[in-house]
Amino acid sequence: MNNTRRSVLKTTGALGTLVALGLITEKQALAQANRAGFEAKTLADALKSVGGTAANSDQVTITAPDIAENGAVVPVGATSNLANTTEIYLLVEKNPNPLAAVFVIPAGTDASVQTRLKMGQSSNVVAIVKADGKLYSATKETKVTLGGCGG
Amino acid sequence: MADPMRIRAAHKDGVTEVRVLMSHPMETGQRKNAAGDTIPAHFITDVDATHNGKTVLKAQWSTAVSQNPFLSFKFKGGAKGDKIAVKWVDTKGDSRTDEAAIA
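As given, the protein sequences belong to chains A and B, one line each in that order.
Our numbering numbers the first residue of the first sequence as 1 and each following residue consecutively.
Our numbering numbers the first residue of the second sequence as 1001 and each following residue consecutively.
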């Protein structure tokens, strides 16, 4: 929508000004830049930012309800049985910005996280796992009775 | 400053399970108030969990994480009484760190 385009332009402009004024350091600006994946509007774009296409794998499991009554609070979890899992991405296909959360898993931490996400409407929930530099995914469809993006 | 987080960490059979409940509005920037004005986005962008100073989980979040976010994860090691610290940073630059001992 035009509206969001405006606000994106505004934010970029404001960030540039803040750097110029020395109010925020370049490092902080970089941290913002790394979040570009969160701005992606479609699943395909979000996947690009993650690093390409992921192969379906039965070693990755996603836990999400079949039917979520309240889209504002949908319990979603992802587990990977693959060795050397370093990152877990959670995406909701039909949200305005599909990429919902990124988890970085250091050695010694189990590749298993649970959280709660918002879902605007019934959609596929995708977990993408990065193991040994390769991407693997699992998908689950969740139906939402009441959307979580309204006012 | 936001309300404190609730952190529970339990150790069992060599694995520590950590559960965190944060207190945060997680505004998406898409909702409107009664007057029709857009409520500006305000959400947690980064979460960092440490065990005795060593990072055990890092997360980057978008607006799609629910209000008062819940997070649960497990890591190998840890012992009763060890400190688990969780820190978040949000879009307004606010941050909060809370600690809990492993039970």
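Worth flagging that the hints you see were computed from the coordinates, not collected in a lab.
Hints are not guaranteed to be accurate.
Stated by the list, open to error - Computed, partial: chain A to chain B, Cβ under 8 angstroms:
| # | residue |
| --- | --- |
| 1 | Val50 |
| 2 | Leu82 |
| 3 | Ala83 |
| 4 | Thr86 |
| 5 | Leu99 |
| 6 | Ala101 |
| 7 | Val102 |
| 8 | Phe103 |
| 9 | Asp110 |
| 10 | Gly133 |
| 11 | Leu135 |
| 12 | Tyr136 |
| 13 | Thr139 |
Said to hold, decoys possible - Estimated spans, in silico, between C-beta atoms of each pair:
| # | chain 1 | residue 1 | chain 2 | residue 2 | range |
| --- | --- | --- | --- | --- | --- |
| 14 | B | Gly1036 | A | Pro75 | 15 to 23 angstroms |
| 15 | A | Gly108 | B | Gly1081 | 17 to 25 angstroms |
| 16 | B | Gly1014 | A | Leu146 | 19 to 27 angstroms |
| 17 | B | Ala1101 | A | Glu39 | 33 to 41 angstroms |
| 18 | A | Asn84 | B | Ala1035 | 22 to 30 angstroms |
| 19 | B | His1011 | A | Glu39 | 35 to 43 angstroms |
Computed from a predicted structure; not experimentally measured.
Glycine included, every Cβ here is placed at the ideal spot set by N, Cα and C.
Going through the hints against the structure:
1. The beta carbon of A/Val50 is not positioned within 8 angstroms of any beta carbon in chain B (closest approach about 12 angstroms), and the interface hint is therefore violated.
2. Of the supplied interface hints, the one on A/Leu82 is violated, with its beta-carbon coming no nearer than about 16 angstroms to a beta-carbon of chain B, more than 8 angstroms.
3. Annotation: A/Ala83 was flagged as interfacial toward chain B, and the flag is violated, the nearest CB pair being 14 angstroms apart, outside 8 angstroms.
4. Hint on A/Thr86 is violated. Least Cβ distance to chain B is approximately 11 angstroms, over the 8 angstroms limit.
5. With a cut of 8 angstroms, the hint placing A/Leu99 at the interface with chain B holds, because the nearest CB-to-CB distance is about 6 angstroms.
6. Because the smallest distance between the Cβ of A/Ala101 and any Cβ of chain B comes to about 5 angstroms, under 8 angstroms, the interface hint for this residue holds.
7. Taken as an interface hint, A/Val102 checks out: its beta carbon lies about 4 angstroms from the nearest beta carbon of chain B, inside 8 angstroms.
8. Because the closest C-beta pair between A/Phe103 and chain B is about 5 angstroms apart, less than 8 angstroms, the hint holds.
9. Hint on A/Asp110 holds. Least Cβ distance to chain B is approximately 4 angstroms, under the 8 angstroms limit.
10. The restraint placing A/Gly133 at the interface with chain B is violated, with a minimum CB-CB distance near 18 angstroms, outside the 8 angstroms limit.
11. Interface restraint check for A/Leu135: the shortest CB-CB distance to chain B comes to about 17 angstroms, outside 8 angstroms, so the restraint is violated.
12. For A/Tyr136, the interface hint is violated, since its Cβ never comes within 8 angstroms of a Cβ in chain B; the closest pair sits about 19 angstroms apart.
13. The beta carbon of A/Thr139 comes no nearer than 16 angstroms to any beta carbon in chain B, farther than 8 angstroms, and the hint placing it at the interface is violated.
14. In this structure the supplied range 15 to 23 angstroms is violated for B/Gly1036 paired with A/Pro75, their Cβ-Cβ distance being about 32 angstroms.
15. Evaluation of the 17 to 25 angstroms hint for A/Gly108 and B/Gly1081 yields a pass: the beta carbon distance comes to about 19 angstroms.
16. For B/Gly1014 paired with A/Leu146, a C-beta distance near 41 angstroms fails the hint of 19 to 27 angstroms.
17. Distance hint for B/Ala1101 and A/Glu39: a CB-CB separation of about 39 angstroms, consistent with the stated range 33 to 41 angstroms.
18. As the Cβ distance of A/Asn84 to B/Ala1035 is approximately 52 angstroms, the hint placing it in 22 to 30 angstroms is violated.
19. Between B/His1011 and A/Glu39 the C-beta distance comes to about 39 angstroms, which sits within the given range of 35 to 43 angstroms.
Violation of the numbered hints given earlier is confined to hints 1, 2, 3, 4, 10, 11, 12, 13, 14, 16, 18; the remaining hints are satisfied by the structure.
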